[in-house]
Amino acid sequence: MLLIPCPHCGPRAQTEFSYGGDANVARPPAPEDADGGTWVDYLYLRDNAKGGHDELWQHIFGCRRWLRVGRDVVSHEITSCTELAESGA
Amino acid sequence: MPDLPTRQSALAQTPKLDELIQERRDLWIQRLYAPDGAPRLPLPVDPNRAGYRDGLHALWLAPGEWLLVSEGAMAPADIGDGALSDLSHARTVFRIPVAAAREILARGCPLDLRPEVFSPGHCAQSVMASVAILVHFLEDGAHMDIYVARSYGQFMHAWLKDAALSL
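In the order they appear, the protein sequences are chains A and B.
The opening position of the first sequence corresponds to residue 11 in the working numbering, with each subsequent residue numbered one higher.
The opening position of the second sequence corresponds to residue 25 in the working numbering, with each subsequent residue numbered one higher.
Calculated directly from the structure, the hints in this document are not laboratory data.
One thing to keep in mind: the hints can contain errors.
Anything over 10 Å on all C-beta distances counts as not near chain A; from chain B, calculated [as the list claims (entries may be wrong)]:
no., residue
1, R48
2, A62
3, P68
4, A86
5, S94
6, R119
7, S190
Now the in silico label distances, taken between C-beta atoms and shown as ranges [said to hold, decoys possible]:
no., chain 1, residue 1, chain 2, residue 2, range
8, B, D186, A, R56, 38 to 48 Å
9, B, S175, A, P15, 24 to 34 Å
10, A, R56, B, G79, 49 to 59 Å
11, A, R56, B, P139, 40 to 50 Å
12, B, R131, A, Y29, 44 to 54 Å
13, B, D60, A, R74, 14 to 24 Å
14, B, H113, A, A95, 24 to 34 Å
15, A, T25, B, R77, 28 to 38 Å
16, A, D64, B, V141, 51 to 61 Å
17, A, R56, B, S94, 44 to 54 Å
18, B, R138, A, E87, 17 to 27 Å
19, B, Q46, A, T92, 47 to 57 Å
20, A, P38, B, Q46, 24 to 34 Å
Yeah, the Cβ is synthetic: ideal placement off N, Cα and C, and Gly gets one too.
The task is simple: from the sequences and hints, build the whole structure.
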């Protein structure tokens, strides 16, 4: 169980949150021209690298805000947690 | 011969659940969206806090969002520029004495409700038995109110009573 430090509500259990995937996936800049391979890349393929990840989480049972969470997927250490609207993404 | 007058009922130790878990009826409940605040209302700025003035409770929900609760309707003019959604018919509210409420909530809710963390005038949204709940520790320090969506009211009532059996 992760303890996610929501910037509004304080530290809360993972069960209050919904995982939203990798925070750094960029939509194809020209979607109408993107080929199948580009879409497969965008929708499905992830590097799953060991170490630090930027992730999206929504505090669905709390303030309902989308958050950008920095998490080490090996140690589960959470290094940052900011409101998505303020992180410029 | 058995000593009838002093024999204890077999159910004497069962908590009187209908007295312990009471439903609050006929509340006026509104969700207020007011990013700029509403100066005439007792809106707490800090997260997870509840304000109270003249019979009106204001429970923090999210930045710029509060739940307004009172036992009688308020005049719309008192609300300022905010947007209101009427939830009076959309919530079931349970009132439980604070010691029992801590024990019952501990059986299914991940909130930290220790007295040094969660004290009178605090509120928090969380999840219990997969249902979204809002817990309000009343300013009197004696009760907690638990808000759930009305459609989960019956389920939550059964769940709370079941959890209270082991108190």
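Here is what the structure says about each hint:
Distance check for R48 of chain B against chain A: the nearest CB is about 22 Å away, which clears 10 Å, and the non-interface claim stands. Separation of A62 of chain B from chain A is adequate, the least Cβ-Cβ distance of about 19 Å exceeding the 10 Å criterion. Listed as a non-interface residue, P68 of chain B keeps its Cβ farther than 10 Å from every Cβ of chain A; the least gap is roughly 13 Å. A Cβ of chain A approaches the Cβ of A86 of chain B within 10 Å, the least distance being about 4 Å, so the stated non-interface status is violated.
In this structure S94 of chain B is separated from chain A by more than 10 Å, as the shortest Cβ-Cβ distance comes to about 23 Å. Look at R119 of chain B: its CB is around 21 Å from the nearest CB on chain A, clear of 10 Å, so calling it non-interface holds up. Distance to chain A confirms S190 of chain B as a non-interface residue, since its nearest Cβ pair spans about 22 Å, more than 10 Å. The hint said 38 to 48 Å for the Cβ distance between D186 of chain B and R56 of chain A, and at roughly 42 Å that hint holds.
With their beta carbons about 32 Å apart, S175 of chain B and P15 of chain A fall inside the hinted range of 24 to 34 Å. The given range of 49 to 59 Å is respected by R56 of chain A and G79 of chain B, whose C-beta atoms sit roughly 53 Å from each other. In this structure the hint that R56 of chain A and P139 of chain B lie 40 to 50 Å apart at CB holds, the actual value being about 44 Å. The supplied range of 44 to 54 Å is broken by R131 of chain B and Y29 of chain A, whose beta-carbon atoms lie about 26 Å from each other.
With their beta carbons about 20 Å apart, D60 of chain B and R74 of chain A fall inside the hinted range of 14 to 24 Å. At roughly 32 Å, the beta carbons of H113 of chain B and A95 of chain A sit within the given window of 24 to 34 Å. As the Cβ distance of T25 of chain A to R77 of chain B is approximately 34 Å, the hint placing it in 28 to 38 Å holds. At about 29 Å, the CB distance of D64 of chain A to V141 of chain B disagrees with the hint of 51 to 61 Å.
Separated by about 49 Å at the C-beta atoms, R56 of chain A and S94 of chain B satisfy the suggested range of 44 to 54 Å. For the pair R138 of chain B and E87 of chain A, the supplied restraint of 17 to 27 Å holds, since their beta-carbon distance comes to about 25 Å. At about 41 Å, the beta-carbon gap between Q46 of chain B and T92 of chain A misses the expected band of 47 to 57 Å. The supplied range of 24 to 34 Å is broken by P38 of chain A and Q46 of chain B, whose beta-carbon atoms lie about 56 Å from each other.
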